[in-house]
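Chemist: Residue numbers (my numbering), protein chains in the order written: chain A, 407 to 716; chain B, 8 to 288; chain C, 22 to 382; chain D, -9 to 390.
Simulated from the structure, these hints should not be mistaken for lab results. The beta carbon of each residue, even a glycine, is placed where N, CA and C say it ideally should be. Honestly, I wouldn't trust all of these hints.
Residues from chain C that keep clear of chain D, each with C-beta distances beyond 10 angstroms, as calculated [to be verified]:
#	residue
1	Ser23
2	Gln26
3	Ser377
Residues of chain B clear of chain A, computed beta-carbon distances all greater than 12 angstroms [said to hold, decoys possible]:
#	residue
4	Glu54
5	Thr56
6	Tyr60
7	Ser65
8	Gly146
9	Ala209
DEER-style ranges, computed between Cβ atoms [stated by the list, open to error]:
#	chain 1	residue 1	chain 2	residue 2	range
10	A	Lys516	B	Phe28	23 to 31 angstroms
11	A	Gln478	B	Ser65	46 to 54 angstroms
12	C	Ala341	D	His253	52 to 60 angstroms
13	A	Leu557	D	Lys89	47 to 55 angstroms
14	B	Arg205	D	Val104	54 to 62 angstroms
15	B	Ser58	A	Thr678	40 to 48 angstroms
16	B	Phe111	D	Arg214	56 to 64 angstroms
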Amino acid sequence: MVANASTAARANRGRGSVAYRRAIPYLLSLPALLVTIGVLIPFVTAVVYSLQRYNLAFPQGRAYIWFDNYLQLAMSADFWHTVAVTLIYTLATVGVEMVLGLAVALLLQKRTVINDVMSVALVLPLMVAPAIASLMWKLMTNTQFGIMNYLLTVVGIQHFGWATDPNTAMFTVVLVDVWVFTPFFSILLLAGLRGLPSGPFEAAELDGVPRSFVFFRVTLPMLMPYILTAALFRMFDSIQQFDIPYAMTQGGPGDALMVFQVRAYLEAFTYTNLGKSAAILMVLWAITYFLSQVMIKRWLAMREKAHGAA
Amino acid sequence: MSIRSLLRALGLLAVGLFFLFPLFWVLMMSFMTNADILRSPPSLIFEPTVSNYTSLLSGSLASQVGTLNVDYVQNLMNSFILAAGSVVLSLLLAVPAAYAFARFRFRGGENMAFTILSFKFAPPLLVLIPLLGYFRQIGLTDSYIGLIWVYQLITLPLVLWIVRGYFEDISEDVEYAYRLDGHSWWETFTRIALPLARPGIASAGLLAFIFAWNNFIFALVLGSSRVQPVTVGALNFVTASGIQYGQIAAALVLSILPTLAVALYAQRFLVQGLSLGAVKG
Amino acid sequence: MSYLQISNLSKSLGRAEVIRGLDLAMDHGEFLVVFGPSGCGKTTLLRLIAGVIKADGGEVAIAGESMAEVEPEHRGVAMAFQSFALYPHFSAFENIASPLRADGLAEREVKQRVQEVAGMLRITNVLDHMPKELSNGQKQRTSLARSLIRRPRVLLLDDPLRNVDAKLRYEMRIELPEVLRQFETTVLYVTQDFKEAMALGDRVAVMLDGAIRQVDRPANIYRRPADLDVARLFGDPPMNLIPTRPQRHNGGGITVRLGESVLDAPGCPERLLDRECVVGIRPEDVHFLDSREGDCLPVRLEAVMPLNVRTAMLVTAPGALELTSSAWDIREARDEENDTAVRIDLNGAVYFDPDSGQRVQ
Amino acid sequence: MSSLSISNVNKIFRSSNRGQVHAVRDLSMRIDDGQIMALLGSSGCGKSSTLRMIAGFESVTSGEIRVGEKLINRLEPAARNVAMAFEAYALYPPLTVEKNIAFALLRNKESAAVIKRKVAEIAQRLEITDLLQRYPTGLSGGQQQRVSLARALIRPADLYLLDEPMSQLEPQLRATLRGRIKEYLVEHQLTTVFVTHDQTEAIAMADRIAVMDGGVLQQYGTPRELEDEPANLFVASFIGEPPMNLLAGSVADSADGLALDIHGEGEPIRLHMPQGVHSDAMHRELATDRQVTVGIRAHRMLVGEQPAGAASAGDFVARVTSNQWLGDQSHIGLDINGNRIFLVTENPLDAHTGDQVRLHWPVEHLHVFDSKSTNALFHGGVPRSSAATRTPQTSEALGA
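Isolated chain A, as found in the complex (with noise of 0.2 angstroms):
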């Protein structure tokens, strides 16, 4: 018998058009697509608005005045101080987050009952709001009852404002960053150093090799990918950050904590100008956009280099 009953049904019961079949990638992402692409509007909308005047309270005063509201800022000490605040933000959260993700990776890489238990425990505070994080420490280094004042004067340092004072309320906000983000570091980190082949490191044990030199020769370069991309992940996020400084003093006291979606929020909401607000969100835009194509292109070429070969 050369083809049997089922194989001969089946040869014949048409081949589905081409068409369809070429389409059906189309089909699966398309409604994704509908969904995310409809955030175009307001985006078109927001540059549009950059380009006028435009202020709730003047209604009749808007127009068209193109590129002024960017000179506007150019020329505003206001605008370049929100840029060194947050600069200052990003990469001070980021440099502690990276060191101390490091450190607290490497001390629970041994799987030891206590490492396992503190790893799991140490997500915890990944999980919290960052908003809810900073009313938690607003709370926390509340200058009349926070437990945060009484462990200071323990330890012999009065008076200490916090969020209150404006030399320290960077300082503080850092802080809470740091508490919520460091575990994002940590688990990365702990992922990469367990994934590394043991093979080299019992070799260098083998060779006697001295650990300091490993670590910086072997481990380090080895765990470089992973600590790049959870920076540049940090990095987004810190020079974007509203949730923390806005639940913590809406980017006062005075404007010690004016970064630029504070005061975006600020000039929309409580001076409704829409114009100078859209502005300064579209120079945020443009950072992080050319942040985001480094870092997909390097992601694009890693995951080629590794699917690339058949």
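Go by the hints and put chains B, C and D onto chain A.
Modeler: Just chains B, C and D, lined up with the frame of chain A:
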């Protein structure tokens, strides 16, 4: 006990205290009366009381300024509806799309994936402020649908990212075999790819739920007080004058309990999702 | 008209050109083995025939009908994967029954046919197990049962014995042809092990760098490889390939200089006289001797390499001539001191053009 | 260089989910200075755990490991003066191949010129000279493994441990490189222990082979001893390709001496053991009618007319089930009363499926095992030495 292991123990202690003490302290405060809180020096010995929780849940809070009506339970419900709603929508939309990007090398694929992913990195306010205008015109500010749709900006790229990585880890041979058995590509997707990717979909869903629950700025800008989640609710609650500190602590505890529970329950999925999402890209 | 016709097939994955203008034809019911080193594109070829990936150029035709626009599930082609590719969340029974489920057969008939094919492959006792509970041998047989149950027009086997332990591999080499004979299907079997190719194939196609170098009966390929690459690949230990220049002295037969000794070369084609060429001598044609009497080539023993029944000897003859000799079942251990020699039999020798690498008739 | 002796070593892994795993059971063996030993067995037989215990990456639950006279159980890996080539190639990605190989020498502060010469020599032998300036990540599996081997062999050490040293090498290279590596080890008199699952590699490289299964040492001896006098059914079927033919049978008394019946479908096949060939020991051992397993290797059976002189235990007819010519040998499947056996001959056999062939089983190549204890009883008519290998070997019996 060599020096190295002593240092290691001290390090563990310091790290443990720094990350866990705040959670412990706020939990303690939530069972303290105002008097206990204001006592200085603050001490751990106190007569625990559940009054903060009962008054919070009953909705009427006794404070120096008389009873304040704050519907915190409604905020908790809103958080749940918004988070769960946006996760379900994201899974329905992103999982098939992730399969398309993972399995079909089609021209549009790469840059379509790229456009969706880049939305994740746009500053939220840039989109929210103009949206507020449109939402007011079509009356979406007072509804869950509007917010759930906007939340897709957070949850959809996340699910897409993680689930795509997971689909790529499934060996293509298994799917080829099922096709060669005579099943259509749809049957292969539903009966082979999806069941095998279930752990990946679970971790993506959990992570999306947590990110949605913890979001603050979306609802702050677009949501009316009726639909505001617990993050915005907590801020208003704290800034309302005259509220007892114990009650604030209780509100904070209630707002983080669900995500902590999820973390402890599905820790393995979470870590998997996070490391897969970030590292694999 | 051949049953499976592959003409000028080409496919590149990423930037690498994996299949380069490949041609292959098979008659109905034939058992053809494609032999090639890892990375020569064998698995990609199978996937192109199965239709799970699309070719860049060229065409695959089954029973005279082009498969260009035919989806895998409509081609009547089945494949057993080297990685077994069993459905981890289905029992062995369901794995095997999957093709019949696709045809929508009644449960009674599904059960009967699964029992039948499982009986043939002696895995009826593990049908209710999940794949991870099966041994490699059982996984391999389940994968085979799945691909055989729907009586495919063409059966593709991707190195099925690779992940199976040695003992079972020998048994399967005998059993597989017997089982397949009962299905009258056309089989394309891919492997990296030339012994399997010779044992199983009615015909063998040697594949290298994405193209077919030679298609012939296994014994012919072994005796008369088409080019230097096939000669190096097809045989363990590999064929001795020695550059030389055939001469003819005062009207006698053609002779060849190997190292410092001159030997008669009866099979050497006239065309190669006084020209550089490479002579190919199978190690079993280099007979290993214990003593140095008679016409033989004294050699120094470099290394002894036991290969199950045979033993290969690496020897060097005067003039830095390195040779591999293969002896049948050497009893006593050899050591370097005692004097050893070899007698080279050039009757079966083959000659290659050093530039094109092609064998000269 | 120095000898290595392992006495009554056990390894028990305590893992939370799987409870206790007794990976190595009461292992005792010894190799002299400059000898090469292979730990041979399939995955999970305890060979890697043994190697890692010698290197110091796994603790020894009980028993002693000595290099020369020095007890090394408790020493840190670095203090054992042991060099190791890893299966998952433990190269330092940030360093070039040359620096990787020279790594250990840097520690002993040898002069740069000496180091360069040594690296060049080992690189030439392992055909990796052109890879010296490249980085490990860009190399193929086979190349990485050769670099890892070079790095271990170049280092002066008391003992060299190689973990599956050839598993990734390209097939064509494997035969020649095996010869070269053995040459290097013998030339420098390096005491070496290597782990492999490939019996051909063990037979080709090792002076002594330890066959392991389920953590237990099945047999420890030279390749010749393993092939001709396998200690039990496991070793008999594990060593030799194709595996030894093993047929269930039983003992029966017959008029002129002893006979073994091979069971199968229909009439059992009777093998006659001529009285003269066997000592009375075999008679005594076998006469108690025990179930035995009769073994004969595939290339030991003779086909066609019975050659004069070779005392034949049996002379009977078999049906051909398959006949495959492999270029330098032919593999023939046979059926004798329902039992499937394998025949290997040097020249092609002109017989087709279904034909009958005459078979002779020379007594000198016959192996008889006790089916119950699986221990060997007789090899070619000579009783297996009484010290059954199941029980741990006493120290004197080692490597005498």
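Chemist: For each hint given before, does the structure comply? Return the numbers of the non-compliant ones in rising order.
Modeler: none
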